[in-house]
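**Q** Residue strings, one per chain:
Number of protein chains: 6
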Amino acid sequence: MHIVVTNCNTTQEMTEEIVRGARAAAGPGTTVTGLTPAWGPESAEGWLDSYLSATAVLDTLRTYEGPCDAVVMAGFGEHGREGARELVNVPVVDITEAAAHLACLLGRRYGVVTTLERSRGQIEDSLYAAGVAQNCAAVVGTGLGVLDLGDVQRTQEAFVTAAERAREAGAEVLVLGCAGMTGLQRAVGEKLDLPVVDGVAAAVKLAESLVSLGLRTSRVGSYARPLPKRRVWGAGRG
Amino acid sequence: MHIVVTNCNTTQEMTEEIVRGARAAAGPGTTVTGLTPAWGPESAEGWLDSYLSATAVLDTLRTYEGPCDAVVMAGFGEHGREGARELVNVPVVDITEAAAHLACLLGRRYGVVTTLERSRGQIEDSLYAAGVAQNCAAVVGTGLGVLDLGDVQRTQEAFVTAAERAREAGAEVLVLGCAGMTGLQRAVGEKLDLPVVDGVAAAVKLAESLVSLGLRTSRVGSYARPLPKRRVWGAGRG
Amino acid sequence: MHIVVTNCNTTQEMTEEIVRGARAAAGPGTTVTGLTPAWGPESAEGWLDSYLSATAVLDTLRTYEGPCDAVVMAGFGEHGREGARELVNVPVVDITEAAAHLACLLGRRYGVVTTLERSRGQIEDSLYAAGVAQNCAAVVGTGLGVLDLGDVQRTQEAFVTAAERAREAGAEVLVLGCAGMTGLQRAVGEKLDLPVVDGVAAAVKLAESLVSLGLRTSRVGSYARPLPKRRVWGAGRG
Amino acid sequence: MHIVVTNCNTTQEMTEEIVRGARAAAGPGTTVTGLTPAWGPESAEGWLDSYLSATAVLDTLRTYEGPCDAVVMAGFGEHGREGARELVNVPVVDITEAAAHLACLLGRRYGVVTTLERSRGQIEDSLYAAGVAQNCAAVVGTGLGVLDLGDVQRTQEAFVTAAERAREAGAEVLVLGCAGMTGLQRAVGEKLDLPVVDGVAAAVKLAESLVSLGLRTSRVGSYARPLPKRRVWGAGRG
Amino acid sequence: MHIVVTNCNTTQEMTEEIVRGARAAAGPGTTVTGLTPAWGPESAEGWLDSYLSATAVLDTLRTYEGPCDAVVMAGFGEHGREGARELVNVPVVDITEAAAHLACLLGRRYGVVTTLERSRGQIEDSLYAAGVAQNCAAVVGTGLGVLDLGDVQRTQEAFVTAAERAREAGAEVLVLGCAGMTGLQRAVGEKLDLPVVDGVAAAVKLAESLVSLGLRTSRVGSYARPLPKRRVWGAGRG
Amino acid sequence: MHIVVTNCNTTQEMTEEIVRGARAAAGPGTTVTGLTPAWGPESAEGWLDSYLSATAVLDTLRTYEGPCDAVVMAGFGEHGREGARELVNVPVVDITEAAAHLACLLGRRYGVVTTLERSRGQIEDSLYAAGVAQNCAAVVGTGLGVLDLGDVQRTQEAFVTAAERAREAGAEVLVLGCAGMTGLQRAVGEKLDLPVVDGVAAAVKLAESLVSLGLRTSRVGSYARPLPKRRVWGAGRG
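Chains as they are written, first to last, in my numbering: chain G, 1 to 238; chain C, 1 to 238; chain A, 1 to 238; chain L, 1 to 238; chain P, 1 to 238; chain B, 1 to 238.
It is possible that some hints are incorrect.
Chain copies aren't distinguished; within one or between two, either way the pair holds.
[What the hints assert, rightly or not] Below, in silico cross-link-like pairs of lysine to aspartate or glutamate (EDC-like), each with a Cα-Cα straight-line distance of 16 Å or less: (1) Lys191 <-> Asp148; (2) Lys229 <-> Asp148; (3) Lys229 <-> Asp193; (4) Lys191 <-> Glu164; (5) Lys229 <-> Glu42; (6) Lys191 <-> Glu157; (7) Lys229 <-> Glu65.
By construction, these hints were calculated from the structure, which means they are not laboratory data. Just so we're clear, the structure is a prediction, and the values are computed from it rather than from any experiment.
With the hints as constraints, model all of the structure from the sequences given.
**A** Dropping the structure here:
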């Protein structure tokens with residue numbers, strides 16, 4: 001089975017890290033291909049970045065011609081999910097919803113620990129649209145930007161501090177609220193004695209599940225195929 | 001990996017059917033063991049049956065001593081899930097929530113087609129507690145009892161009729177609302193041109209996912225281990 | 001009028017205390033009979049206990065042959081209510097919902113003070129299913145186990161501390177969140193200058209109300225009579 | 001115990017009918033006094049009438065000097081309830097909320113059958129503010145005005161037609177949505193084979209319950225006593 | 001265009017202040033007329049005052065015979081809005097809803113800073129009925145009475161303290177929760193570096209918008225014209 | 001005052017029509033400039049189109065250098081609003097939210113009549129995120145594509161048919177659910193005897209209101225300025 005994982009930004013190193021996380025989660029028969037958009041933001045932090053990212057990811061998917069049994073969209077809280085469902089003929093799983101779906105199975109309320117506080121709104125809206133917001137106790141920011149997550153020590157500490165706020169708000173399970181946090185779940189989970197769900201890993205498992213059960217996106221109603229029409233994908237300006 | 005699938009009633013044939021469905025969904029390295037409660041109702045249809053079933057299933061699980069990496073609870077809309085999460089040290093997935101989680105990934109709204117109308121309340125409450133009720137457009141009954149599902153032709157027709165009501169209410173994906181419907185998804189899906197999710201299959205995939213990611217039920221808050229105390233499991237009356 | 005009050009656990013002393021509370025609340029023409037399940041947990045603290053308790057209480061009710069005009073179920077936050085509604089031909093009132101119904105009449109938001117924090121989820125779900133969760137500002141635990149409530153001084157102090165948290169969350173009325181707290185309402189109410197509702201007393205008054213108005217559980221839809229079928233009530237194991 | 005029942009309009013005959021219903025529901029030791037506002041609308045049908053009625057009722061209550069252990073406000077869906085809670089030192093129960101509280105104990109969803117469709121909004125808002133809207137399946141109008149209810153035959157027929165619409169929407173219990181319908185519950189309940197709750201009777205029982213348990217409105221927060229200040233109660237214009 | 005602004009209390013100075021705020025907000029072609037009810041409370045603080053105010057305002061409007069293209073109701077959180085919509089043939093805008101509508105356009109969550117804590121319930125209910133409660137993060141009291149707002153220094157300080165609580169609760173925009181705060185928005189907005197919306201100004205702009213677009217209250221359903229009947233507007237007692 | 005109105009697609013004729021509607025609504029001192037994205041879809045119908053449109057509109061806004069006191073985004077149900085709020089230093093009003101805000105002032109429930117059924121999900125999500133979904137009774141499709149709206153007769157008929165469905169669902173006010181419907185409101189409103197709100201006109205009035213009150217988007221939290229970073233706006237592929 002071929003799973004295509006799309007980074008939501010143009011930073012190649014992040015794609016590689018995401019692919020590493022995806023491969024670690026994938027089953028024996030699964031091949032993972034990572035895609036980095038040729039355009040868009042170097043990191044997605046806020047609504048403007050998120051819309052730019054969504055379109056760049058859709059452009060990447062529509063021009064991708066390799067093998068693909070399922071798509072994993074690896075931008076936590078970023079837009080585009082529903083557009084990808086219209087576009088491709090295979091299941092699409094977004095890491096935001098994926099982490100929440102698994103978290104719901106592990107405790108009565110879950111919390112999301114993300115990068116900047118400003119991302120909270122997007123994440124809340126994304127969980128709501130995916131139908132899994134109800135048991136989310138809190139979305140808490142660490143104050144770290146996406147491209148600051150390289151400093152593992154600092155990231156762990158900030159994560160643990162934020163996680164305690166989520167726990168006070170009722171969270172019994174935690175979700176890593178950024179694709180760039182992939183890999184943190186084990187170290188942090190032990191320190192906190194709480195299950196920690198990584199969205200990339202979760203999305204890979206859900207994508208494999210859908211493919212192996214032969215399930216595909218419904219074409220009735222919301223996610224019908226895009227209508228044929230004239231579309232221009234960017235003016236090519238810097 | 002060993003997955004234990006518990007039937008919610010005492011009807012051995014139904015356990016066998018459920019196990020067949022679970023094995024068809026399971027990955028290559030997964031062994032499925034079916035358990036039939038030694039007591040409880042012969043089918044679960046209503047709240048009284050559901051509570052009786054829940055306790056019988058918990059009794060079955062606490063006295064089971066075989067290998068077990070995850071538990072799948074195969075009673076659609078039946079109680080007991082949270083008690084099992086307290087009891088066992090491995091992930092627990094209920095077919096009600098499992099079907100809903102996957103259905104959310106395939107369309108914007110899903111519908112449940114179940115047996116008797118009287119089960120609607122339990123199913124709605126179960127989806128709500130699991131945190132996935134929001135995108136449920138409708139729970140519709142076929143009017144068939146659990147033990148009537150053997151008549152495949154009649155079941156398919158009743159399912160399709162009920163499915164149309166769900167679709168009018170906005171459902172873009174369907175969920176089989178009874179463990180005894182397992183196997184129906186392909187035939188009915190083709191007729192309706194809609195994805196149809198079987199809870200048993202969905203739960204097996206989610207259980208495999210949690211196990212392979214090393215995720216376990218949170219012990220913080222709701223699902224802490226049962227406190228040590230005196231408990232008597234039934235008076236043994238008929 | 002005969003009201004049957006069912007304890008949710010096997011501790012006889014607690015049944016007696018509950019019956020004392022029920023009798024204090026009952027009107028002149030009302031007789032109160034207390035029932036202690038022959039099996040189940042010695043106290044209900046958590047989901048596993050709650051399901052076990054529910055089935056034991058249903059077994060107790062179905063084998064009770066004395067006079068009965070209404071049933072009061074005296075397990076705060078415990079399951080079983082809907083099953084009892086199917087089973088018996090008289091009104092059934094649960095102390096969780098009863099306390100909430102009266103509390104809604106006394107202030108704009110109410111709070112529940114219960115035993116262990118782990119019970120919060122069950123209580124919230126029970127209030128939700130009963131249709132009275134909306135005006136609940138908070139469910140707060142005292143940290144005391146059910147069988148620790150005998151120490152009146154310690155219980156009162158823990159209650160007052162927890163009550164202050166509920167008040168900060170907006171509660172204008174308090175609910176005693178455990179049948180074993182019956183009797184505490186007057187002492188604590190004076191200290192806090194807030195109305196405090198005891199579920200046992202509330203349920204007795206609501207049961208008397210329904211009986212005197214000739215109102216019975218609806219048989220249309222959710223609470224139809226249990227279908228005739230083979231059911232086994234426990235394996236008789238310890 | 002003395003219960004004061006306030007009609008919401010100036011029609012003396014309606015007060016008498018309401019008082020008859022209240023007396024039929026009251027316990028042996030309860031005396032019922034009916035009050036008719038000296039001003040206000042002759043029937044309350046719509047928001048303007050409802051506000052006018054609320055103030056006239058509050059004026060009636062503040063100038064009433066007879067015995068009073070509890071107040072029952074007998075305007076279905078009409079305003080004023082919270083103001084009365086501030087004003088008097090005894091429990092206040094509104095027939096809208098009272099009927100809903102009892103209905104919740106009798107089925108999983110209830111429906112309200114009222115007079116004109118235009119009252120639906122007020123009733124929905126009143127149930128919501130009272131914290132009992134969640135399990136309301138539908139509020140349905142009969143198309144009859146308040147002062148048309150004298151024609152019993154026509155009222156019963158219109159009620160049954162509307163009740164069927166409520167039932168299709170999921171109602172398992174019905175509520176009489178107008179004080180002027182008091183007395184209809186038995187005849188209609190038999191025809192429909194559903195429990196039918198009359199708000200006047202329900203409110204009397206709830207008022208008796210609160211009084212006998214020594215419970216009073218909370219003075220913390222929302223329902224503190226009105227502040228001393230200059231108030232003028234109407235200009236006396238026709 | 002003539003806009004009639006109704007004060008909700010009998011304090012003439014407050015009407016004048018409100019009219020000053022309204023005129024400052026009004027466009028070049030708009031004339032503002034302020035009305036002070038001839039009866040009612042001298043300030044509205046609590047539910048009893050609010051209902052009294054609502055009826056006095058409705059009486060004022062029904063007996064007003066001057067020019068009127070739209071009505072602005074200037075009581076924050078006070079009742080009456082829907083009655084006025086039934087009564088007059090021009091658009092009606094309430095300052096509570098108006099401030100919330102504009103606040104929603106300026107940030108993802110807004111907070112209301114009002115006078116006494118006891119008003120919170122009314123404001124929450126008013127926002128809910130208007131359909132704009134969802135993005136309200138908090139309603140916070142300053143502890144100042146309506147007639148204490150004359151002390152500008154003290155009011156500003158209390159406002160800023162309360163505003164910080166709203167901001168911690170997630171508010172990104174603030175709403176002045178009392179007509180008597182009109183004029184505070186600029187000073188406080190600068191100190192807090194947050195947009196601050198004054199309901200009087202907001203309502204004037206929304207009223208102008210509706211009038212210039214030729215939009216009027218719907219007569220279908222909720223806000224149909226009051227039915228012709230006998231109504232008495234107060235007994236004329238002090 | 002200069003208001004910039006952005007079409008959400010590349011069809012110049014539609015921009016012109018929108019600008020005509022905007023100018024008709026604008027006050028005497030307001031100048032309206034219409035912008036057509038240089039890239040994107042020729043019409044926005046579905047999620048893929050909507051994300052593409054959002055990014056194209058943001059690109060258009062960031063490279064626009066003319067005068068601008070407020071931005072009106074004229075894509076009904078289309079994405080991008082929050083990104084524009086981050087990007088520009090002037091108020092941003094989207095026609096979806098604008099129509100809903102005004103509709104809430106005119107009736108208790110409103111309905112949206114849009115083009116294709118597939119747009120319903122986006123519109124519902126957009127109303128929800130804007131905080132004005134609560135009073136929306138229904139979003140109903142006419143079955144007409146965006147570029148089919150030129151046939152006025154057919155459009156009117158389809159609109160009236162769909163409007164009746166919205167009305168049955170409780171709508172008392174209607175909203176034109178597509179920028180291309182601008183101009184229809186008067187003809188259809190008369191036929192239906194219901195107020196009909198056009199989003200373009202509504203947004204212009206709300207934008208004027210915000211500007212004249214000196215209100216700007218909050219920079220605290222969600223809508224902080226985009227962070228400086230490398231962004232590429234499209235690959236320039238067709």
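**Q** Which earlier hints can't be squared with this structure?
**A** 1, 3 and 7
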